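2 protein chains.
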Amino acid sequence: MATTSRREILGGLGAGMVLAGMATRAGAAPARKIGYAIVGLGSYATRQIMPNFAGCEHARLVALVSGTPAKLDQYGAQYGIAATHRYSYADFDRIRDNPDIDVVYVVLPNSMHAEYSIRAAQAGKHVMCEKPMAVSVAECEAMIAACRKAGTKLMIGYRSRFEPYNRLAIELARGGHVGPTRLITAEHGFPARPDQWRLDRPLSGGGSMMDIGIYSLNAARYLTGEEPVSVSAVETTDKADPRFKTVEDRISFLLRFPSGIVANCISSYSSSHNGYRVIGTQGWIDMEPATPYQGQSMSIRKDGVTTPRTLPPAAKNQFAGQLDHMAECIVNGTTPIVPGEEGLADMRVIEAIYRSAAERREVAIRA
Amino acid sequence: MATTSRREILGGLGAGMVLAGMATRAGAAPARKIGYAIVGLGSYATRQIMPNFAGCEHARLVALVSGTPAKLDQYGAQYGIAATHRYSYADFDRIRDNPDIDVVYVVLPNSMHAEYSIRAAQAGKHVMCEKPMAVSVAECEAMIAACRKAGTKLMIGYRSRFEPYNRLAIELARGGHVGPTRLITAEHGFPARPDQWRLDRPLSGGGSMMDIGIYSLNAARYLTGEEPVSVSAVETTDKADPRFKTVEDRISFLLRFPSGIVANCISSYSSSHNGYRVIGTQGWIDMEPATPYQGQSMSIRKDGVTTPRTLPPAAKNQFAGQLDHMAECIVNGTTPIVPGEEGLADMRVIEAIYRSAAERREVAIRA
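Protein sequences appear in the order of chains A and B. Count the first sequence with the numbering used here and you get residues 1 to 367, in order. Count the second sequence with the numbering used here and you get residues 1001 to 1367, in order.
In case anyone wonders, no lab produced these hints; they're calculated from the structure. Please read these numbers as outputs of a predicted model, since none were measured by experiment. Be aware that one or more of the hints could be misleading.
Cβ-Cβ distance ranges computed for the label pairs, FRET-style [claimed, not checked]:
(1) B:Ala1314 with A:Ser136: 49 to 59 Å
(2) B:Thr1334 with A:Ser136: 52 to 62 Å
(3) B:Thr1306 with A:Gly179: 25 to 35 Å
(4) B:Pro1191 with A:Val229: 20 to 30 Å
(5) B:Ala1138 with A:Val305: 40 to 50 Å
(6) B:Lys1316 with A:Thr246: 47 to 57 Å
(7) B:Asp1238 with A:Asp97: 55 to 65 Å
(8) A:Leu311 with B:Thr1246: 22 to 32 Å
(9) B:Thr1281 with A:Tyr44: 40 to 50 Å
Derived coverage of chain A by chain B (criterion: at least 3 residues anywhere in the stretch with Cβ under 8 Å from a Cβ of chain B; other residues may be distant) [claimed, not checked]:
(10) 232-246
(11) 338-350
(12) 358-367
One side only, chain A facing chain B, incomplete, derived with CB under 7 Å [claimed, not checked]:
(13) Arg182
(14) Arg256
(15) Ser271
Yeah, the Cβ is synthetic: ideal placement off N, Cα and C, and Gly gets one too.
With the hints as constraints, model all of the structure from the sequences given.
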């Protein structure tokens, strides 16, 4: 991924962008904003992502894809998206012919991520895909292969990597601010409301681990900068609870990292958790909440003293930061900091977690 | 344990106490304070336990046992212990002949707990023993049998059970104050300083798990009121660290309880931790620090609002409360709330934790 071909840089750019891009040097502002099509108009897309194009420097919303005509009308009108830029799923492959669309952002239920990401790549578009990247390692690998073949970029929606407190936590943890890290705790969960696609395995691919639990896993990986070598997991699901007929409720898992760090993680669909702590030999870095849409809170304990750590308001929030990052990668010919390989790495661990829980033993994670 | 024989009530009481005890009904104040002999004059005994007899209503310090004559002189003088009530280990069995000694409190290194507890029982004395109760299930069972045979009481030094915040946490957790408990996190650790008996397996019987880790385990058990059915554990020890030549550093372990609660626990000798959280379906009860000598801090999150919970100053601290509890049990013929069976239950889990860590699989815990 270190070298970048001209085809990769230009892949998926509309004709207007090619000309504009030619005049753009790395680091310079792009001549026009990169155009996004949003696929799937659920609450995360409509409430969190779409409003945040307004705060982007390099990205703009240019197209919508939905199976619900009323949503296309509503959000099309709200965001000024012309009828020519509104697509049904039957129409989806016609995005190929729309030069305004540079990136397809897949915000569908998990089991549809692979199909629509691959079709987007085949239509010559760069791909942003929500996490979890897909519902299996095999699907993740197919997505990476499809984007590589098409010469398009692939980025996974790990928004916390564009959030200042999380970035600071990474810097402090990896930099040994409280001594070398010895343990990490990472806990994410919420009480799942019934009757939604998240609880329907054919759509979700799994329960809390495929949803909120990935925040605990991904945090353990980004706070260490290491890949876990094995996992021990315990699942507990009340099968009498109608929410959990096809998916798991809670998974507790212990990740063993090469340096000797162990991460104690929680994923839950029946209790509220949002936090992590990095415990070093001299203290700890605590974030609670750690990964909300806004309102992160950090405190640091060092040499026996606990101090809150407050950052100035960010110029750009995590959603706009994420959208702009992909745009900049396209213009500058660089690789996203959270490429398909990042989603694949999480999925390898998730598969090992499920296997460990089922077999009740520690399971090695193949790299 | 529900019925109590007269012999059990009177076992180990000095002659004066027999007469006084005869006139004491359950609930009434005892006529004289129960006399303790402290065995082992290390820092926990001399700094935490001995000064707190001053705050006891029913217990008093009457004898000292140490292998160091200078300590016997120093503390004997400080606490007004006559030379006739100061013992070396060679002299230990002569406590049988001292009617002022009702209870022997064993505060020795772990591997000596069983021997001195059993010898105390054989001398007709009630036994208070520090945690961990011993270094194996077999030793715990032998201690229970010896006290049963001698008709003496056996109590383990789980001081947090006499600390108001922990008692409140138990009441709130078991009472469903934040909904039924779904998960518990319990974390205890401190950076072990080199060159002490804790790091010498023949004396300690193990590393952090045999020391600070038992607080995480015991908290998970007292907060649920249940016995874990299995455990998955991961150990990480840097064998290049001279502190850890014979004992483990860190163990992370997941306890599975019959009701479906899972406890994510940490035990560490290379990082600082002291806290637990009970997470229910409606919020959580957080204690940090949870089990220090003083300064517990509780907060409760319910319905999305986090509130500190402060208790008025306790009339009696946890050390005095513990000493008085055993005294009251002796006078009233009742069983301590933390009897030998409580120490045995922890030791069964600790043995399973070590086995799980070694075999890298979930291990069932026999009841």
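query = Which numbered hints does this structure break?
reply = 8, 9 and 11
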